[in-house]
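Could you build all of it, start to finish, from the sequences and the hints given here?
Protein chains: 2
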Amino acid sequence: MSATTSLNDRLAAARSASRTLAVMSPGDKVDALEAIARALTSRSADIMAENAEDVQAARRAKAPTAMVDRLLLDDSRLDAMAQGIRAVAALPDPVGIVDAGWRVTNGLEILETRVPLGVIGVIYEGRPNVTTDAAALALKSGNAIVLRGSSIAARSNRILGDVVMAALAGAGVPDGAITMLGTDRDEMLEMIRAEGQVDLVIPRGGEDLKAYLIEHARVPVIYAASGNCHVYVDSSADLNDALAIIVNAKCQRPGVCNAAESLLVHRDVAAEFLPRAAEALIAQGVELRVSDEARAAIGPSAADLPAATDDDFAREFLSLILSVGVVGSVDEAIDHINRFGSGHSESIITASLEAAQAFQLGVDAACVYVNASTRFTDGGEFGMGAEIGISTQKLHARGPIGLSHLTTVKYLITGTGQIR
Amino acid sequence: MSATTSLNDRLAAARSASRTLAVMSPGDKVDALEAIARALTSRSADIMAENAEDVQAARRAKAPTAMVDRLLLDDSRLDAMAQGIRAVAALPDPVGIVDAGWRVTNGLEILETRVPLGVIGVIYEGRPNVTTDAAALALKSGNAIVLRGSSIAARSNRILGDVVMAALAGAGVPDGAITMLGTDRDEMLEMIRAEGQVDLVIPRGGEDLKAYLIEHARVPVIYAASGNCHVYVDSSADLNDALAIIVNAKCQRPGVCNAAESLLVHRDVAAEFLPRAAEALIAQGVELRVSDEARAAIGPSAADLPAATDDDFAREFLSLILSVGVVGSVDEAIDHINRFGSGHSESIITASLEAAQAFQLGVDAACVYVNASTRFTDGGEFGMGAEIGISTQKLHARGPIGLSHLTTVKYLITGTGQIR
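Residue numbers (numbering that gives the first Met the number 0), protein chains in the order written: chain Z, 0 to 419; chain B, 0 to 419.
Treat the hints as calculated values from the structure; they're not laboratory data. One thing to keep in mind: the hints can contain errors.
[Claimed, not checked] Computed list of lysine to aspartate or glutamate pairs in DMTMM-like fashion (alpha-carbon distance at most 25 Å, straight line): (1) Z:Lys209 <-> B:Glu189; (2) B:Lys209 <-> Z:Glu331; (3) B:Lys209 <-> Z:Glu214; (4) B:Lys61 <-> B:Glu189; (5) Z:Lys61 <-> Z:Glu49; (6) B:Lys209 <-> B:Asp309; (7) Z:Lys209 <-> Z:Glu49; (8) B:Lys61 <-> B:Glu124; (9) Z:Lys209 <-> Z:Asp377; (10) B:Lys61 <-> B:Asp73; (11) B:Lys209 <-> Z:Glu194; (12) B:Lys61 <-> B:Glu206; (13) Z:Lys209 <-> Z:Asp185; (14) B:Lys209 <-> B:Glu189; (15) Z:Lys209 <-> B:Asp183; (16) Z:Lys209 <-> B:Glu194; (17) B:Lys209 <-> B:Asp174; (18) Z:Lys209 <-> Z:Asp237.
Pasting the structure below:
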């Protein structure tokens with residue numbers, strides 16, 4: 000459907016397409032996904048040409064190197080996108096699964112069955128692969144999708160959308176299964192206020208986008224939002240494990256939401272652990288922001304480290320910065336995390352069963368780890384397959400948002416003339 | 000906590016109480032619920048005295064009889080409220096249930112576990128029993144609750160809240176487990192905008208309240224909203240069953256959301272079925288609003304019946320009014336229902352397996368019936384126990400909102416030092 004058609008009409012076409020997608024057979028969906036994967040390869044020259052223009056424009060505009068890198072497509076990335084689509088195709092079909100079934104006293108038979116949500120909007124930043132990943136997840140789960148990418152990737156997203164649409168049309172999927180929005184805020188605002196036309200919006204972006212949606216959205220939203228993740232080193236911790244875990248959780252990929260942003264250490268092991276941890280982290284280029292007690296525990300080398308404020312403890316740095324504090328007990332660690340954390344991923348390093356249980360029971364977060372890095376919060380690592388984000392809200396999806404979260408339930412009730 | 004404390008402070012107390020409630024043992028929660036049930040009986044004289052003042056004021060203000068009836072408490076109703084609390088106490092505890100557990104390649108063990116949402120707000124109309132029902136469901140599921148009842152029941156709700164709070168305090172449940180809001184819109188508005196302080200709001204009310212929340216809410220909301228429910232009589236239907244079902248679905252309790260508001264009949268049986276249906280429904284006092292084709296099928300007696308407009312087909316009458324139309328096929332019935340319905344409960348009466356399957360697959364609603372009355376959409380009838388409303392939205396809860404929907408998941412991950 001042409002981008003000059005009004006958004007209202009395009010959303011109506013999306014709804015109409017969603018009715019067809021909802022009843023597509025699993026095999027037809029796999030065929031359509033395979034057609035998309037093939038088209039990515041056969042049209043790679045066109046895709047790369049458009050992407051090159053986005054990249055050139057981004058460089059001219061002096062976009063940060065990391066941003067340009069996320070934008071850039073090459074043969075191996077395009078191949079990975081095609082493989083990603085085939086991986087989604089290979090997942091079990093989430094539609095039609097019967098979660099539960101039972102018979103009630105009057106003889107009615109009730110089946111609680113998984114069905115697609117309908118029309119899903121995704122708002123995302125500069126990675127073009129999200130366009131095809133999200134389209135594949137939506138198709139596999141029988142939903143129409145509305146995509147609103149970043150202006151920095153406008154040409155790349157447009158051609159990827161065209162390639163997906165052409166492949167879908169060839170596979171008999173109706174027009175409207177995928178809708179690409181403009182990159183200004185007008186159409187995004189219209190989408191997030193299109194109550195009854197859009198069943199779910201998933202924003203993949205920072206706190207600014209979240210605040211904007213909280214203020215303006217009328218449709219249901221799942222926030223794939225920030226992670227202020229903690230590693231707490233208990234008094235009974237194996238300090239070698241603790242060291243490996245904090246270095247991994249902070250440094251392995253600092254720009255992602257499941258990276259650690261804060262280290263808490265039990266007072267009893269602070270003087271032993273913190274000097275080693277500080278040395279290892281600083282060697283990796285980490286800037287430490289420390290509480291007074293943490294500074295004292297690290298020793299003379301910590302004299303010049305910046306002081307950690309409450310703001311620092313509340314912040315998701317998404318870079319090689321770490322706030323460091325000392326606590327007197329596991330309960331104090333839990334209270335600190337429940338106060339400052341964002342409910343994403345939190346880890347305790349401990350040898351004590353009692354401390355592990357208290358931490359997992361008391362910390363209010365999507366994922367609560369014992370003796371492991373927070374970096375494992377990920378649909379792939381969890382064995383769920385591809386994900387569309389990590390939810391830090393409590394409704395519908397908490398933690399990795401996988402295929403099953405793109406469905407809802409429908410109760411199918413069969414009787415023989417029952418009345419009340 | 001005193002009602003003169005700022006709402007912000009009271010919500011902070013609710014959050015704090017929710018941390019304690021989340022880790023209460025199942026047995027302690029049963030004891031606390033039993034204490035509430037006993038207190039309702041032991042303090043019945045005080046409760047009845049306050050309720051009498053509400054009733055008197057409502058009568059003075061010439062409130063409709065049905066509204067006064069919903070407000071009125073007597074010994075048997077108070078007893079039913081106490082029994083309702085004991086029924087909730089007897090349900091399986093929904094907290095700590097492990098929905099799934101698995102081990103991934105690197106040896107991490109993952110448990111997907113049910114935990115309370117935290118702080119739940121309920122906005123409701125003039126039935127005082129909602130105060131104790133909602134408090135019981137919240138306590139059983141380990142959540143703190145914020146209650147905002149109607150001004151018509153202000154005195155009744157206040158004393159019921161006091162009775163519940165006193166019983167909870169005696170059972171060691173912290174202050175803040177239950178918060179009663181004032182009946183003006185100020186505190187309600189503050190609650191629905193208290194992002195991060197309130198995890199879910201459930202409004203039990205009409206379309207006006209829903210529109211208000213869509214406009215103003217910043218916290219997650221599940222709409223327990225309207226039901227524009229249809230009965231579709233297919234060409235192969237057993238017409239005796241069809242007659243019994245439409246009369247039951249329309250007349251047994253017309254003021255509730257799962258009552259039928261619209262009758263669709265296949266063209267092939269319209270001339271045979273509609274005259275009988277019209278006679279039976281009119282005998283029950285039902286006003287029919289008919290399409291031209293339905294009027295012709297009913298015959299001369301239908302000459303004076305009002306014409307059904309699109310507005311009528313879209314409306315939830317909640318009274319003895321029924322829109323009536325004729326369709327040419329099951330597909331046409333599905334399209335009509337998806338266009339005009341509210342996604343609540345829809346029923347096909349048919350002897351055809353093909354028609355039944357097409358209807359259950361194609362109709363986009365929470366509950367899709369074959370050969371049964373729409374009136375069964377209810378937590379009790381479904382065997383789920385008490386419910387807090389019927390959701391017509393697709394996120395988190397669709398259909399009856401039971402105890403399990405007042406929980407979310409937490410992934411508990413246990414390792415032995417794993418890093419990525």
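Hints versus structure:
At roughly 19 Å between alpha-carbon atoms, Lys209 of chain Z and Glu189 of chain B fall within 25 Å of each other, so this suggested pair holds. Taking the CA atoms of Lys209 of chain B and Glu331 of chain Z, the gap is about 41 Å. The hint is violated against a cut of 25 Å. For the proposed pair Lys209 of chain B and Glu214 of chain Z, the alpha carbon gap of about 17 Å is at most 25 Å, so the pair holds. Simply put, Lys61 of chain B and Glu189 of chain B have alpha-carbon atoms about 31 Å apart, too far for the 25 Å limit, and the pair is violated.
With a C-alpha separation of about 19 Å, the suggested pairing of Lys61 of chain Z with Glu49 of chain Z holds against the 25 Å cut-off. The straight-line distance between the Cα atoms of Lys209 of chain B and Asp309 of chain B is roughly 22 Å, inside the 25 Å bound, and the hint therefore holds. For the suggested pair Lys209 of chain Z and Glu49 of chain Z, the alpha carbons sit about 30 Å apart, so the restraint of at most 25 Å is broken. For the suggested pair Lys61 of chain B and Glu124 of chain B, the alpha carbons sit about 17 Å apart, so the restraint of at most 25 Å is met.
Between the alpha carbons of Lys209 of chain Z and Asp377 of chain Z the distance comes to roughly 21 Å, so the proposed pair stays at or under 25 Å and holds. Distance hint between Lys61 of chain B and Asp73 of chain B is fulfilled; the C-alpha atoms sit about 21 Å from each other, no more than 25 Å. Taken as a hint, the Lys209 of chain B and Glu194 of chain Z pair is honoured in the structure, with Cα atoms around 12 Å apart against an allowance of 25 Å. Taken as a hint, the Lys61 of chain B and Glu206 of chain B pair is honoured in the structure, with Cα atoms around 23 Å apart against an allowance of 25 Å.
Simply put, Lys209 of chain Z and Asp185 of chain Z have alpha-carbon atoms about 17 Å apart, close enough for the 25 Å limit, and the pair holds. For the hint linking Lys209 of chain B to Glu189 of chain B, the alpha-carbon distance of about 16 Å falls within 25 Å, and the restraint holds. For the given pair, Lys209 of chain Z sits about 29 Å from Asp183 of chain B by alpha-carbon distance, which is inconsistent with the 25 Å threshold. A C-alpha spacing of about 11 Å is found between Lys209 of chain Z and Glu194 of chain B, which places the hinted pair at or below 25 Å, so the restraint holds.
Simply put, Lys209 of chain B and Asp174 of chain B have alpha-carbon atoms about 30 Å apart, too far for the 25 Å limit, and the pair is violated. Restraint check for Lys209 of chain Z and Asp237 of chain Z: the C-alpha separation of about 38 Å exceeds 25 Å, so the hint is violated.
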